[in-house]
Each structure stands twice: as C-alpha cells, then as structure tokens.
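Build the complex: two chains, separate frames, hints provided.
As a plain string of letters, each chain reads:
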Amino acid sequence: MGKATIIPFGPQHPVLPEPLHLDLVVEDEKVIEAVPQIGFIHRGLEKLTETRDYNQFIYIAERICGICAVGHSLGYAETVEGLMGLEVPKRASYLRVILHEMSRIHSHMLWMGLAADAFGFESLFMHCWRLRERVLDLFEAMTGGRVILSAVRVGGMVRDQDAATLAHVQEVLEGIKDEYHEICRAFLNDSSVRSRLVGVGVIEHDDAVNLGMVGPFARASNVVNDVRCKEAGAYAELSDFTPITSTDCDCYARVEVRAKEILQSIDIIEEMIARIPEGPVFEKPKGSPADGAMACGALEQPRGECYYYAQGNGTKYLQRMRMRTPTSMNLAGMAAALKGCDLADVNMIVLTIDPCISCTER
Amino acid sequence: MGSFKLGKMTLKSLFTKPSTVLYPFEEKPQPAGIKGHIENDITACTLCGTCSRVCPAGALIVDRKAGTWSIDHFRCVQCKSCVLNCPVPCLTMAPGYQKPAREISRETLQKPAPSPEELAAKEAAKKAKIEAAMKAKAAREAAK
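Read top to bottom, the protein sequences are chains Z and P. Just so you know, we're using our numbering here: the first sequence kicks off at 95 and counts up by one. Just so you know, we're using our numbering here: the second sequence kicks off at -4 and counts up by one.
Just chain P, same shape as in the assembly (with noise of 0.2 Å):
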C-alpha cells in the first residue's frame, strides 16, 4: 500500500528519448511484410479478372477490351486477398503507405501493346499447341 507507484517508470521517462516520432517529419522504419499498398506489374498482368472478382471493396476494375486495370486506394482496404488470389501472379502488397491526395481518383494501368517479336512467339506458341493438340488426337484415334 501506498502511493507514488509509479515514481521509478516515469523518473526514468524524464532520461529516455520520446516513444512518440514527430511525424510527418520523423517517420517510422516499416518491416518488410507491410500491407502499404497495392502493385501491379502490368507487363506480365494477363488482365484475367481474378483480383477485381475476388476484392471484397470494389476497389479493383479489370477492363480486357481497353487492356487497362485500374485501383481506386481511397476504396482499398488492404486486405491482400487480390494478392492471394492472382495467378499469375503479378499482384505485390508494397511497403509505404498512400499519400493524401486532394481529389478521389482511380490510378489506371495500361498494358503495354505486344511488340512484333512478341506476337510473333505468341502466335507461333499457338500453333505448336495445335499441332500438339492435333497429333494427340491423331496418336488417340490410331490408337482405337
């Protein structure tokens, strides 16, 4: 019983740094695994539709004609279920938090048009999963 409890913590709180930081001008370190924000890397984005299906806010628009995909952060929750479920996957949670912003606006991606070398490789990927395709039949059929 008694009172002063507390003496010893808080004589020792007049000799220690703040626990507080002067933010914005001081800022904390943030660890590796933090749910700053949303990133897509839309080069390799097949713009399948997953993330914008799966994202329980709404946040996320995949638009496959205009080959865009589009965040609004301000509807983000950070929930990483996008992330999750990509399969590509080309979907990274990056550390740093949003900055305010004056207006509410979308941040929208376009995906880049395939050069002719690319096309190319994907045209020719196409065929040999043809004939691939055609010479399984044939093999199956010779088989019956």
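Isolated chain Z (complex conformation) (with noise of 0.2 Å):
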C-alpha cells in the first residue's frame, strides 16, 4: 500500500475546455477521491434581471454559456411566456425545435470531438469539428448568427424560415448523416477506442439515481430522464420519441448515447420539417409580469435537464431568475465515477458528463 498524495487537477488543463479544479487523491497511480471545486468564472448573471428587463435579459441569457445559447434563450422564453400567460403561435415552436435539435446536434459533436481528442484520436477529433462546422454554417443561414443567434425572443421567434431554407437544412443533414455513420462506426466499434472506454468510470443504474444524475451521462447508466417526453411545446407533435439509454453505465456507454442522440435529433428535424404548419412566427408580448406570479419550466439542453424559475413584480423587470443547470446535477456523479479508477483515466471520465462549468456558475 503506498502513500495517499493530492494531485491537483485543473483548472487548467489541456483536457477541459472550462476551469473546473480536482483535488485527486492518489494512492498507487489510483484514485481514491476526488474533491471537485468550482467558482472560477461566476459573473452574476442572474443578478443582473435587475437592471435589464424581460425582454433585454434573453440576450444576457443566452450568454450564460456558448454551446447552450438556443436552450437558454428558450428556457428563459418559455418560462417568462408562462408567467405572462403568453401563447406562442405553432410555427414559432416548430422552429424553436428545430433550432434547439440543431444545437443538441452542434453540442454532442464538439463534445465527441473533445472526448476523441482526450483519448488521443487526432483525426476523428477533427472529423467531427468538421461535420460540426456545417451545422453552424446552417444556424448562419437560418439566423444570422454562428453560436450566438439571438432567434428566440418572448413571444416567439426574430425571423420565419421559408421553405427553401429548410429544404437546405434537411439537405445538408442527410449529407451529415451519410458521413457521420462513418464516424460512429470509429467510436463504437474502433478496437483502440473500446480499450480506452469499455468499463471506465462505472456507474450503476441505483447510484445514478441516488445522485440525481441528468442528461446521457445518467441515460448511459439506464436511468430514463429526458425532459423531451414530457411533450413540452412542438415536441407533442413528434410521432415517436423514445430516449437513447444504455445499460453499460461506463464511459463508452455514454459515447453510444451521445452518439445516437445525434441520429434521432436528426430525425427529429426532418419530422419537423415535414410537419411545420404556416402561419405567424412572432405574438407580441403585452404588459408586464404580475407582481408575485411565479413560473418554472425544464428543459433538455445537451447536457441534460435544465431547470428555470422566474418570478415577476409587476413591473418589467423580472424579481428572481433562477437556474439550475445539468452539470451541477451531475458533479455528484463525476466524484463518484472517479472513485478508485486509474489515474490516466480521470480526462475521460472527467470529460464523459460533458462538464459546462459556464452554466454551472453563471
């Protein structure tokens, strides 16, 4: 038995795209706790309600972190239209859909990317920010903007899609989908990538629960929680959905779900595509939020559930904004999953919940 030593982790470190800080305690190259720490990049953007008002704040929103830009501004949208009251026209809700499986699709494939750069897969990594690129190329044609788009306000959407514009998103998706095949048959079936994936970071179904793990990092270890069966908005209107899981509940289990996710977000659009009715994008907002109204509303970002609170005063500006994110639900599990695993596999699991320490802190 050798001597416990504290590795520290991060905040920098070449795996981790955000600062998130791990005291490793280490006893023969193996991990016997990991203390996570956060707390790096806060900006009190909640706080900041106060000095914008509802309608400014989803462009504050929607800055909370990058790659989950179109789920916050639609979380905050929808959850200050259900504290007015305020019905968004179908059209609109399509669209939002179809942008925020865009955006899953955007996310998941920077985070494969990133996962294959940590297993040291230089070329796969670059496949995938490649094919990722062209979904960003079809945000800049659908709305202006690459990461940031500012297409959701309350009461609707900025700008309508005409029929060619979705005609070339289902166009350029198919084209992704011939190619992306080719890339998940590297990570699912590439013996080098099992060997660094196939029963690391093990968390069993009971564990995920008890830790109230979210998102693929909890449906890769068969916990059934996507907010997407709740049938919130234009998602009702999907023929089919059943959740990705896994019952493998290791780290290339949580590669598979993600990377399936990709395909039914895919199918997804296309079904929303066929199905999108005509008719207004935009309802305009009257009036101010109620003094003492309150509202919540979830969503399924990327990384998992998202919860929101808005509570109004009466006047345009909102009392409390509050958010809870999908990485702070599963820090809890990453600590776990660490627990007892080889020292060179902390990066992978570390980068398996697809940690977003920008929401995380706000």
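Incorrect hints may appear among the rest.
[What the hints assert, rightly or not] FRET-style restraints, in silico, Cβ to Cβ:
| id | chain 1 | residue 1 | chain 2 | residue 2 | range |
| --- | --- | --- | --- | --- | --- |
| 1 | Z | Gly214 | P | Pro26 | 52 to 58 Å |
| 2 | P | Arg48 | Z | Asn316 | 48 to 54 Å |
| 3 | P | Pro26 | Z | Lys410 | 30 to 36 Å |
| 4 | Z | Asp272 | P | Pro95 | 21 to 27 Å |
| 5 | Z | Asp272 | P | Leu9 | 29 to 35 Å |
| 6 | P | Lys94 | Z | Lys97 | 57 to 63 Å |
| 7 | P | Pro82 | Z | Asp231 | 16 to 22 Å |
| 8 | P | Leu9 | Z | Ala261 | 47 to 53 Å |
| 9 | Z | Asp231 | P | Pro95 | 19 to 25 Å |
| 10 | P | Pro13 | Z | Lys141 | 40 to 46 Å |
| 11 | P | Leu114 | Z | Val266 | 52 to 58 Å |
| 12 | Z | Asp231 | P | Thr5 | 20 to 26 Å |
Note that these hints are calculated values from the structure, not bench results. Glycine is no exception: its CB is placed at the ideal position from the N, C-alpha and C atoms.
Here you go:
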C-alpha cells in the first residue's frame, strides 16, 4: 500500500475546455477520492435581471454559455411566456425545436471531438469538428449568427424560415448523416477506442438515481429522464419519441448515447420540417409579469435537464430569475465515477459528463 | 471490431481540398441574412431614441438636441433588437463584420439640417394637420 498523495487537476488542463479544479487523492496510481471545486468564472448573470427588462434579459440568458445558447434563450423565453400566460404561435414552437435539436447536434459533435482528442485520436477529433462546422453554417444561414444566435424572443421567433431554407437544412443534415455513420463506426467499433472506454468510470443505475444525475450521463446508466418525453411545445407533435439509453453504465455507454442522440435529433428535425404549419412566428407580449407571479420551466439541454424559475414584480423587470443547470447535478456523479479509477482515466471520465462550467457558475 | 475504422474518410481527406480557409487572405462567402454590423440611414432617422432604449448592451446613444446618433461597435452584441423595434425603419443589419481597430471609438452620425424646401414642406404639412384637426373639431361641435 503506497502513501496517499493529492494531485491537483485543473483549472488549467488540456482536456478541460472550461475551468474545473479537482483535488485527486491518489494512492498507487489509483484515485481514492476526487474533490471538485468550482467558482472560477462566476459572472453574476442572474442578478442582472434587476438591470435589464424581460425582453432584454434573453440576450444575457443566451450568453450564459456559448454551446447551450439556444437552449438557455429557449428555456428563459418559455418560462417568461408561462409567467405572462402567453401562447406562442405553432410555427414558432416548431422552429424552436428545429434550432434546439440542431444545437444538440453541434454540442454533441463538439463533445465527441473533445472526447476523441482526450483519448488521443486526433483525426477523429478533426472530422467531428469538420461536420459540426456545417451545422454552424446552417445556423448562420437561418439566423445570421453562428454560436450566439439571438433567434428566440419572448413571444416567438425573430425570423421566419422559408421553404427553401428548410429544404436546405434537410439536405445538409442528410449529407452529414452519411459521413456521420463512418465517424460513429470509429467511435463505437474501433478496438483502440473501446480499450480506452469500456469498463471505465462505471456508475450503476441505482447510484445514478441516488446521485440525481441527468442527461446523457444518466441515460448511459439506464435512467430514463429525458425532459423531451414530457412533450412540451412542439415535442408533443412528434409521432414517436423514445429516449436513448444504455445498460453498460461506463464511458463507452456515454459515447454511445450521445452518438445515437445525434441521429435521433436529425430524425426529429426532419419530422418537424415535414410537419411545420404555416402562420405567424411572433406574438407580441403585452404588459408586464404580474406582481408575485411565478413560473417554472424545464428543458432538455444537450447536457441534461435544465430547470428555470422566474418571478414577476409587476414591472417589466423580473423579481428573480434562477436556473439549475445539468452540470451542477452531474458533479456528484462525476466524483463518484472517479473513485477507484486509474489516474490515466481521470481526463476521460471528467469529459464524459460533458462539463459545462459556464452554465454551472453563471 | 478491429481498428483503422476511420481509414476511408482519412484517405479521402488526402485528395480533397482543405475544409479551412486562409483567413484573412481568403474569406468564406457570407449568407444574405448575416448579422454583420448595424447601419443607420440617418436622413430617414427621426432620432426617436427607441433603439437606445431597447439596446441591452447600451451601445447606442441618441442626442435629439445635437441631432446625432452614435454607436459603439465594441459594445454592440449584434442582437438586432434595435432593428426589430425601429419604427421608421431606418436601421438595418448589413453583412460584413467590423474590422479590428487600434482604439475604442464611437461612430457618430449627424442628421443633416433640412433644406429650405424640406422645411417649407414640413411647415405646410403641419399647417394642414392643424387645419384638419380644427375642421374636425368644428364638425364635432356642430354635430353636438
């Protein structure tokens, strides 16, 4: 038995896109405990509801995180619409789902690239990001922005999409699908990839439930907790939706769930485009949220369930805006997954929860 | 199972053009609706100040007395809310990102002073409006 040593991991580390610090208690190359620490990029964005009205705050909400920008603006808009009893035009809710699912594709592709980079597969990383670039080009054509889109506003959407643009989206996604199958084969069937992922960072189903894990991290442990199942907005119009889960509970299962979710998102977008109704895309909100009115909203972000709470005070400024992000729920699961792993697997396990520290700290 | 699963794609990449461009010597074409930068048709602008009120970043300043409209491109977040709320509308989002600059500065546009013809036309319109209002009032009183 060796002597326990504490190895600091992060906040500056090649595998981490965002600052997260871990104190790894290591004994003979085995991690016996991991203590996460956050708090490096707190910006106080929720407090800004006091200085920006409910229409302006959506631009702050989408800057909480670059990758989840569409999700945060959508979650905020839906919560404020609930607060004001506003009904969004049907076409707008379809367009919201299309953009949200596209953001899931680009987020998962970004993550898959980072994962490939973490286990040392550079060319796979570049191919993932090359495909992601096509989704960003679609965003640019649809909304005028690549990452921060400013496409959603309280009451609907900023811009309608014509049939030609939607057909173009469908065509590009079909093209991505063909190339993506080859990338998927490398991720799921390549022996060198499997040797780094299979049996690493196992969290059993019961532990995942007890630790309150969300998103693909939990679904890889066979926990069915996809918020899209609640059929809010245009998700209710989907003919069939079954969350993708896995029973393997390890890092490989997390890659598998995310890899399949990209294909599922493409199918959802294609169905939405095929069934999108005609009509307006914006209903102007009138008045302000009532004094003491409260509303909650939940949204399946690429990283898991994100929960929103808003309270009105009778003015155009909100009294309180609060969100609970998926990474804050998954940090406990990550610490549990790190217990007993090899030191060389730490970066892979940290990455498989897809940590988004910007969202967590806001 | 097996390795070299990405072989086909990797080999194909050897014989295709690079996916990246050599910016700034080469630029990708920008789509028509891109949110590049804000432009104001100052001759049409009424200096109502709606844009500066809705701007979440505080990038716009409208001075009615001095007849100026100014934008700080470094504060602007390209959210388009000024364009969406402009009542005239004289604001547009044009393609083309702002070039880098050495100093942070504001772009200020001065509304040109109206020509004598424009002033006369404005005065005539105002008179006609007042006359119409007087006539309507007289008609209302007569009806009573």
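Against the structure, the hints:
no.: 1; hint: Z:Gly214 <-> P:Pro26: 52 to 58 Å; in the structure: violated (36 Å)
no.: 2; hint: P:Arg48 <-> Z:Asn316: 48 to 54 Å; in the structure: holds (52 Å)
no.: 3; hint: P:Pro26 <-> Z:Lys410: 30 to 36 Å; in the structure: holds (34 Å)
no.: 4; hint: Z:Asp272 <-> P:Pro95: 21 to 27 Å; in the structure: violated (39 Å)
no.: 5; hint: Z:Asp272 <-> P:Leu9: 29 to 35 Å; in the structure: violated (19 Å)
no.: 6; hint: P:Lys94 <-> Z:Lys97: 57 to 63 Å; in the structure: holds (58 Å)
no.: 7; hint: P:Pro82 <-> Z:Asp231: 16 to 22 Å; in the structure: violated (34 Å)
no.: 8; hint: P:Leu9 <-> Z:Ala261: 47 to 53 Å; in the structure: violated (32 Å)
no.: 9; hint: Z:Asp231 <-> P:Pro95: 19 to 25 Å; in the structure: holds (23 Å)
no.: 10; hint: P:Pro13 <-> Z:Lys141: 40 to 46 Å; in the structure: holds (45 Å)
no.: 11; hint: P:Leu114 <-> Z:Val266: 52 to 58 Å; in the structure: holds (54 Å)
no.: 12; hint: Z:Asp231 <-> P:Thr5: 20 to 26 Å; in the structure: holds (23 Å)
Of the hints listed earlier, those the structure fails to meet are numbers 1, 4, 5, 7, 8, in rising order.
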